[in-house]
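**Student:** Okay, here's what each chain looks like letter by letter:
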Amino acid sequence: MVKPNFAKFDTLALHAGQQPDPATGARAVPIYQTTSFVFDDTDHAASLYNLERPGHIYTRLSNPTTAVLEERVAALEGGVGAVATASGMAALFLAVATLMDKGSHIVASGSLYGGSHNLFTYTLPRFGIDTTFVNPRDPQAFKDAIRPETRLVFGETLGNPGIEVMNLPVIARIAHDAGVPLMIDATFTTPYLIRVFEYGVDIAMHSLTKFMGGHGTSIGGVVIDSGRFDWEGSGKFPTLTEPYAGYHGLDFAEEFGTQAFVMRARAEGLKDFGACLSPTNAFYILQGIETLPLRMQKHVSNAETVAAFLASQDEVEWVNYPSLTSHPDYELAQQLLPKGAGSILSFGIKGGRDAGRTFIESVNLASHLANIGDAKTLVIHPGSTTHQQMSATDLAAAGIGEGMIRLSVGIEDSDDIISDLKQALRLSQKG
Amino acid sequence: MELTVNDLMAFAATGGRALNADEPAVIFVHGAGLDRTIWQLQTRNVAHMGRRVYAVDLPGHGRSEGEPLASIGEMADWVIAFMDAAGVDKAKLIGHSMGAFVTLEAAAKYPHRIEKLCLMGVSETMPVHPDLLAAAENNQRLAPELIVYWGLGETAKIGGHPHPGLWIQNASQTLLELSADGVLYNDLSACNVYQGAAEAAGRVKCETLFVLGKDDMMTPARKAGPLIGAISTCSTTIIDDCGHMIMSERPHQVFQALRGFV
Chain A
4 MVKPNFAKFD TLALHAGQQP DPATGARAVP IYQTTSFVFD DTDHAASLYN
54 LERPGHIYTR LSNPTTAVLE ERVAALEGGV GAVATASGMA ALFLAVATLM
104 DKGSHIVASG SLYGGSHNLF TYTLPRFGID TTFVNPRDPQ AFKDAIRPET
154 RLVFGETLGN PGIEVMNLPV IARIAHDAGV PLMIDATFTT PYLIRVFEYG
204 VDIAMHSLTK FMGGHGTSIG GVVIDSGRFD WEGSGKFPTL TEPYAGYHGL
254 DFAEEFGTQA FVMRARAEGL KDFGACLSPT NAFYILQGIE TLPLRMQKHV
304 SNAETVAAFL ASQDEVEWVN YPSLTSHPDY ELAQQLLPKG AGSILSFGIK
354 GGRDAGRTFI ESVNLASHLA NIGDAKTLVI HPGSTTHQQM SATDLAAAGI
404 GEGMIRLSVG IEDSDDIISD LKQALRLSQK G
Chain B
1184 MELTVNDLMA FAATGGRALN ADEPAVIFVH GAGLDRTIWQ LQTRNVAHMG
1234 RRVYAVDLPG HGRSEGEPLA SIGEMADWVI AFMDAAGVDK AKLIGHSMGA
1284 FVTLEAAAKY PHRIEKLCLM GVSETMPVHP DLLAAAENNQ RLAPELIVYW
1334 GLGETAKIGG HPHPGLWIQN ASQTLLELSA DGVLYNDLSA CNVYQGAAEA
1384 AGRVKCETLF VLGKDDMMTP ARKAGPLIGA ISTCSTTIID DCGHMIMSER
1434 PHQVFQALRG FV
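Residue numbers (the working numbering), protein chains in the order written: chain A, 4 to 434; chain B, 1184 to 1445.
Because the hints were derived from the structure by calculation, they are not lab data.
In this text, all values refer to a predicted model and were calculated from it rather than measured experimentally.
Certain hints may be false.
Within a straight-line C-alpha distance of at most 20 Å, the following computed EDC-like cross-link-like pairs (lysine to aspartate or glutamate) qualify [unchecked claim]:
(1) A:LYS379 to A:ASP317
(2) A:LYS379 to A:GLU271
(3) B:LYS1397 to B:GLU1360
(4) A:LYS11 to B:ASP1272
(5) A:LYS353 to A:GLU364
(6) A:LYS105 to A:GLU271
(7) B:LYS1299 to B:ASP1267
(8) A:LYS425 to A:ASP357
(9) B:LYS1397 to B:GLU1337
(10) A:LYS425 to A:GLU307
(11) A:LYS6 to B:GLU1307
(12) A:LYS6 to B:GLU1360
(13) A:LYS301 to A:ASP416
(14) A:LYS6 to B:GLU1337
(15) B:LYS1388 to B:ASP1314
(16) A:LYS6 to B:GLU1328
(17) A:LYS353 to A:ASP317
(18) A:LYS342 to A:ASP13
(19) A:LYS11 to B:GLU1337
(20) B:LYS1397 to B:GLU1307
(21) A:LYS6 to B:ASP1314
Every beta carbon over 12 Å from chain B, so not counted as near; a handful from chain A, in silico [stated by the list, open to error]:
(22) VAL83
(23) ASP147
(24) SER221
(25) SER304
Far from chain B, some chain A residues (derived; all Cβ distances over 10 Å) [said to hold, decoys possible]:
(26) SER326
(27) GLU334
(28) GLN337
Don't be surprised by glycine CBs; every beta carbon is placed ideally from N, CA and C.
Excised from the complex, chain B in its bound form:
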């Protein structure tokens, strides 16, 4: 579906179901260099639970128009602007990696708009390896390769995915490679400099669910500790044998975690 947000077309997947304004809204926010389709193993399921699903393409990502937004704060403001455009007063937010920072910031800044928060693959900070940042700046294929190499757990790199016929390694890498030049660098830079997660977590009032991969090398589960400790009403699910690309690697376990949340 298309909406106009800040005078630009914004795109979101709805899980293949017509939107119903009477149903609770759930908004999915993707990570760096990705788009809405990274949630493809969740959106249809959540939508058919009777939820109004919006898996957004952030500006400059997927089909959404515009330049990518430079900071986590701007992205958080955009999510709220998207909610305004969609006529959504309150929503449950689900964010992954950079999207987790974005939704965390939105929940801290606009507590009256956020009903619940789910943070996947998140840590207090996300320092980006300088080689990765340099490769992304030069739009080199090495950047998506490093993200996939560090981002997938060891099992996922060999396969045996529950989705028949899906080769997750190339699916992840292709999605990253198809992002427009500069987008991945923009996003990684935004993650690299963002230092506000702990402070934002301290301001979160809503119920929060952390979903973390036990073998995540990019945002190690233990480094989410300060965020978990700062939110008074939160629960944590740590998924075994899982890296950073949690919703792609372990859709069944994510389903179990989200079923109660949404």
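Chain A with its partners taken away, still in its complex shape:
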């Protein structure tokens, strides 16, 4: 039996989307730091503007450096195409705005990044889009929350900061039965740990700022289209299946089929909202992606070591990490994330908020800042920072206790990470 021999993940992370620069032979991806691109003639210009021919017009719409990043991420995720954005939040808003209008409804996991929670809770309602939050561990709750006007089911592969593992195949079926796509923020896991489209997810997004870029240098986001959702069959997405006056009556599903969503996202959302990625940031993120497989292996092995260490310490009340057998989603994590459950973990320190504050102020190697997925170990107190806009009720619903510490385990020597945590834990109890 013959078998195809496509380039594997590690190879795609280095090569996908790029050929050596035809003008100079440059092997690295050149930074095309330009706003605009010269047209061959007026017919060429008109055809580009009218989506008749592929090519670049203006960097707000597309750019050769950014296009390499988009193609590479689409390749790693197994999607038909991708659109890069100025940030992960821009990617989320771009997807929502492409899919729905006022009067629409979203069903979302209640355990989300604070920025996403804020967008759904406070900002989108101003534009007539409401969200119902449900327990990410309760598929039936997703089903029960879906209404006739629901246009999206949304969650994260691993909840933030509760580290719940979302049951993607089950929730995808629920969404599809209702004629609605499932969109997943896969920032915590990256396609190295799980390719979400293989589990029924229709649209994926990443904050590229995190593990994909991996070095804490550049803000960026991306939305990727699986190409598998039947927009026409659903009948709920006129932005994709009815003539669009903005392009002289173009019907995206009719003309572009499996790429309807990603085409409209670029042609309308990126153009009109303007949250494009700078080519220089695209370059920096591409440098990170080249080593994504190597970094993720080290992130995961360090996280497993650190989680085991924390679980054995008297100063620690609990540790939340899906690779620990004590985690409620351990079995699901083994099924969906066989390469590891990422490198974000949360834990509670005896002594509550004061002990937590002392711990954070006592770490030396770990950095106290508002990010995850850096090569360096990071630490934060979600209740007072990333999730501070959430009410006490919402915090409790999201499983965020006052003393919770979120740790993003980096790729330093694990002995050094543990040494730093050990001394900070000791100091946290002397208060």
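Given chain A, work out where chain B should sit, using these hints.
**Tutor:** Just chain B now, with coordinates in the frame of chain A:
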């Protein structure tokens, strides 16, 4: 747009432009297991050149109703029936792979209806590897994988596509995987048994353009030779660094080739 052909709904993309009966008609016919959207990088451009574009979904493909047609001859007859339903007396036909066989057969059988012919990714015969045929018969994912693996040129498999953000490998595979069970097997079987291309080429009277990929493993360019030799008024464009999925892999070069043709 929807039409009724042989009592069933037939769907075609028009390049996003209202149809004008005074404009010359151009009909695009897709290959095995695919649909109209494989022409997405050509249809809008040709339509906005002032042409009446119909990128058809053959029966059982894309949005068109019905079972897939079992033979190249039946598909050719269907294209003419589509033209009848659309009120098109004469058209330029552009076909890819199986669609090239279909349009070649239509041009041979109905010479008075075909103004010009463009054949992409075509050879005298299209024998299908038995493993591919078996995988398609069993609706296994291996079948689309093999088609994409053999169908894309080496450059296209790594990427750097001129269409920003498009990952052509998955775009091609997803389109094939979304075809209904049995459709790909039907189409591959029709290609596998069709032996009439050379004879049909001998009967073609209209101007014909061959567009071939230099690195095409599925329909090697050199194997189009007998067809090229049989048509008196033809020209050939061979696109470098290009496999079988010519219109997806090399849209700029296809644009250059089609500009004079349409």
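**Student:** All hints are to be evaluated individually against the structure, with a verdict given for each.
**Tutor:** Results of checking the hints against the structure:
1. A:LYS379 to A:ASP317: Cα-Cα ~26 Å, so violated.
2. A:LYS379 to A:GLU271: 37 Å, violated
3. B:LYS1397 to B:GLU1360: Violated, at about 26 Å.
4. A:LYS11 to B:ASP1272: Not OK: A:LYS11 and B:ASP1272 at ~50 Å, beyond 20 Å, violated.
5. A:LYS353 to A:GLU364: 16 Å, holds
6. A:LYS105 to A:GLU271: 17 Å, holds
7. B:LYS1299 to B:ASP1267: 17 Å, holds
8. A:LYS425 to A:ASP357: 17 Å, holds
9. B:LYS1397 to B:GLU1337: Holds. B:LYS1397 to B:GLU1337 sits at ~11 Å (cutoff 20 Å).
10. A:LYS425 to A:GLU307: 16 Å, holds
11. A:LYS6 to B:GLU1307: 26 Å, violated
12. A:LYS6 to B:GLU1360: 17 Å, holds
13. A:LYS301 to A:ASP416: 9 Å, holds
14. A:LYS6 to B:GLU1337: 16 Å, holds
15. B:LYS1388 to B:ASP1314: 37 Å, violated
16. A:LYS6 to B:GLU1328: 8 Å, holds
17. A:LYS353 to A:ASP317: Measuring from Cα to Cα gives roughly 8 Å; hence the hint holds.
18. A:LYS342 to A:ASP13: 14 Å, holds
19. A:LYS11 to B:GLU1337: Holds, at about 14 Å.
20. B:LYS1397 to B:GLU1307: 16 Å, holds
21. A:LYS6 to B:ASP1314: Measuring from Cα to Cα gives roughly 9 Å; hence the hint holds.
22. VAL83: A:VAL83 not clear of chain B: closest Cβ-Cβ about 4 Å, inside 12 Å.
23. ASP147: 30 Å, holds
24. SER221: 18 Å, holds
25. SER304: 30 Å, holds
26. SER326: A:SER326 is indeed farther than 10 Å from all Cβ atoms of chain B, at 30 Å.
27. GLU334: 27 Å, holds
28. GLN337: Answer for A:GLN337: holds, closest chain B Cβ roughly 24 Å.
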